[in-house]
Amino acid sequence: MAPPIEDYALIGNTRSAALVGRDGSIDWLCLPRFDSPACLCSLLDGPDQGRWLLAPTGEARRTRRRYRAGTLVLDTEIETATGRVLITDCMPQWQGRSDVVRVVKGLQGSVPMEMKLTIRFDYGTVIPWVQSNDGGIIATAGPDSLELRTQLPLKGEGYQTFCGFEVGAGQVASFVLTHFPSEQCPPLPIDPLAACDMTEGWWRDWSRRSTYRGDYAKAVERSLVAL
Numbered sequence: 012m013a014p015p016i017e018d019y020a021l022i023g024n025t026r027s028a029a030l031v032g033r034d035g036s037i038d039w040l041c042l043p044r045f046d047s048p049a050c051l052c053s054l055l056d057g058p059d060q061g062r063w064l065l066a067p068t069g070e071a072r073r074t075r076r077r078y079r080a081g082t083l084v085l086d087t088e089i090e091t092a093t094g095r096v097l098i099t100d101c102m103p104q105w106q107g108r109s110d111v112v113r114v115v116k117g118l119q120g121s122v123p124m125e126m127k128l129t130i131r132f133d134y135g136t137v138i139p140w141v142q143s144n145d146g147g148i149i150a151t152a153g154p155d156s157l158e159l160r161t162q163l164p165l166k167g168e169g170y171q172t173f174c175g176f177e178v179g180a181g182q183v184a185s186f187v188l189t190h191f192p193s194e195q196c197p198p199l200p201i202d203p204l205a206a207c208d209m210t211e212g213w214w215r216d217w218s219r220r221s222t223y224r225g226d227y228a229k230a231v232e233r234s235l236v237a238l
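The letter at position 62 of the sequence shown is residue 73 when you use the numbering used here, and the numbering goes up by one with no holes.
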């Protein structure tokens with residue numbers, strides 16, 4: 012069963028969007044457009060229908076989430092028995108490409124983490140053909156391909172892609188999921204940290220265009236960004 016809808020946060024690039032749960036799972040994603048068939052849709056029918064989990068392996072004692080001011084860059088701080096980590100999720104604002112960036116930064120102690128990616132094209136009905144490439148995997152079904160890039164070792168099992176790792180204070184691990192037409196070569200890799208900074212700057216520049224200064228200004232700004 013999917014979490015309550017109020018437990019999801021929205022990230023997007025004005026052309027598409029993803030829903031990120033408090034548990035660190037992206038349960039809904041359509042690429043490259045809002046009206047494209049979903050490639051992650053466990054929101055509808057459970058994890059086997061496609062999701063992207065990035066979370067501590069141990070129990071979370073406390074989870075705090077916030078958007079960076081005036082943006083759709085999402086920061087999730089998770090505290091476990093062994094430490095604290097910050098997960099940053101965003102969809103960069105580059106024309107001509109569609110990416111989802113996820114960055115984990117260790118804040119305190121050392122936290123064992125897991126990444127599980129289950130890609131199911133066409134609203135969970137199509138299992139893709141997956142092959143390894145330099146720096147990750149490529150999953151293809153019909154006209155669509157998704158490339159997952161990371162510096163961490165990946166393994167496949169049961170039509171899923173897994174990664175287990177540990178993040179200490181000051182350490183960073185990153186993942187980039189990129190959509191491209193299957194008849195084309197994958198786009199050039201991006202720097203995930205620079206992409207987060209660029210996305211934050213783009214949204215803040217956009218938000219500054221609002222001239223509203225009345226009651227509930229922060230709520231109005233957040234509604235404008237979401238819309």
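Take these hints with a grain of salt, some might be off.
[What the hints assert, rightly or not] Listed next, with one range per pair, are the computed distances between beta-carbon atoms:
#1 GLY225 x THR68: 41 to 51 Å
#2 ARG44 x TRP217: 15 to 25 Å
#3 PHE173 x ARG219: 27 to 37 Å
Keep in mind that the hints were calculated from the coordinates and are not lab data.
All residues carry an ideal CB built from backbone N, CA and C; glycine is no exception.
- Unmet hints by their number, sorted upward, for this structure: Violated: hint 3 alone.
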